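Colleague: So the chains spell out like this:
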Amino acid sequence: MEFTIYHNPYHNCRNMTVSAMVKRLGISLDYIWGQAGLSFKEEHQDITITPYYRSMESDFSQSHGIVTHEDNIADSYEFLHHLIGLVQANHTVAVMVDVFEMPYCIYYQLHHEIHDVEIVGMDGKHFVICDHYYHYYGTIEIEQIRKAASASIDQLGFESCTAYYFTISRTSHFTYSEMDFTRVAAENYHVMSGKPIGFLKEQTRGLHIGLFALAPMKQRITEFLYVNDQTDPGYLYNLYKMVKEVCNSRHHFHVFLQAFDQKELAFDYRVAAQHWGVIANLMVRAYLSKNYIGMAPRVELRFRKATEKETENTEKLQAMLM
Amino acid sequence: MKLERLDGPERISLQEGSIVSAYICLDLTPYVNNRGMTAITDYEKGTLSEGKSSFPMELLPTNKPFLIHDIPFAWSKTEEHDNIELTGQTLSFEATEVKEIYILGVSSNGDYFDQISFLHDGQEVCREYLYLSDFAATTASFRDRQALVTDYLHTRTGKYELVQPRMWLEQIPFASPCLINQIRLEDNPAMHIFAITLAGQKRGGTDGIYDLS
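Here the protein sequences come in this chain order: A and B. Taken in order, the first sequence gives residues 28 to 349; the numbers are from my numbering. Taken in order, the second sequence gives residues 3 to 215; the numbers are from my numbering.
What the hints contain is simulated information worked out from the structure, not anything from laboratory work. Treat the hints loosely; a few may be bogus.
Listed next, the in silico DSS-like pairs over lysine-lysine satisfying Cα-Cα at most 25 Å (straight line) [said to hold, decoys possible]: (1) Lys54/B to Lys268/A; (2) Lys317/A to Lys54/B; (3) Lys68/A to Lys50/A; (4) Lys336/A to Lys268/A; (5) Lys66/B to Lys317/A.
As the structure is a prediction and not an experimental result, all values here were calculated from the model.
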């Protein structure tokens, strides 16, 4: 069987892999990534920025009839045995690995980072894999996957090797209706208006929700750049990844709105995605060039545009729901 | 379409202030600030993305001008740079009555669009969106069209055959011809412009002009 790489720059490697896998199950991707809220949480030195308010697993199961199966096994040999069993049972399985151990990757033996790839079959002593993020479809030695999964524990501090796959519980004639549209749009609106929904209800300390998250978020990020503390560059890279996820969420909500024929509002969210994308790209430029201070006013300026657009979009969403 | 460079007195004789219908390939050399093309000997010097991506120079057109969808373009290269990473620059050129503008470029880390303003002596004449798809995309995400594709990408580790990078052609038509002598770009570092050609009537000299006939 031939497998196709699914590449979409508006996904991190996890969500890109998930998208490819659920697409194989016949799920339309237009409807499943609709969450576009915002929260900013600061506790001690830790910052969490996320556009999401429900876990993917609960959202998939409650709203899309997709069941997520996740297996965590600390012993890498036992994990490999389990993986082989799943592949032989005709599942395509995602596995979390360290890119440092993936020979086709541009970061092979250069850089440690957690990464997800999909195993789609076996060929003798090789797994056949799709690395959607790095555009690779081909074979890799089974032992290399064990090493790469094991490195997620040894090098990246994970407690166990992790694999996941999906099954569907819905009927083949499953369709989305106006009710699904209203539910997702209303939840996004409520979160952007500051109302805690889903897992946001459980973590109130230091939490700013929706439009109220924008000011502290901007302040913390630009302050960090102006202070020019480069002792932990990974900190800025993590901030970049979180802001990029806000960009991704706006892009996918635009896709969701288009699927329900809301073209005008869809374009507004696409513009918002662009603003967040620019902020994220400025942050990664700061990280790579080590020019934190030079990027700070540029980030500040684009934050102003993002804030205006988010405010305008939330008002438009409210008007549409009335 | 016949394409000839109008660089000899036998082809054209322009008086100062005369008007020529033409394609005008802008010289972007004063503005280039990023490296998006590398030879195989310095593949690691690209700066299109965080993975040090660049187009392999050996697979790109070398003639000047080269044609993309029948439109003439010219690269603007310095020793270090060959494209404009958008950082809010204003590009200046001789006043031209522009009917259409053609831009060769890419985005990285996603498909990006942003506003682009056309000015005459600092006054905004009109504003449009500039759309450029990701160089790693296999199809255009916007109204832009594939301009060229190479068999592999250069990255920090050399030839990367898993990605066939594409450069995109963005065509911005004006509702009616506009007299402009400046283009203002937004601050959007994921967007990269490699070449700009104006279709219109240039007032003044013949630099960069190519016959429309």
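Colleague: Which of the listed hints are broken here?
Modeller: Structure breaks hints 3 and 5.
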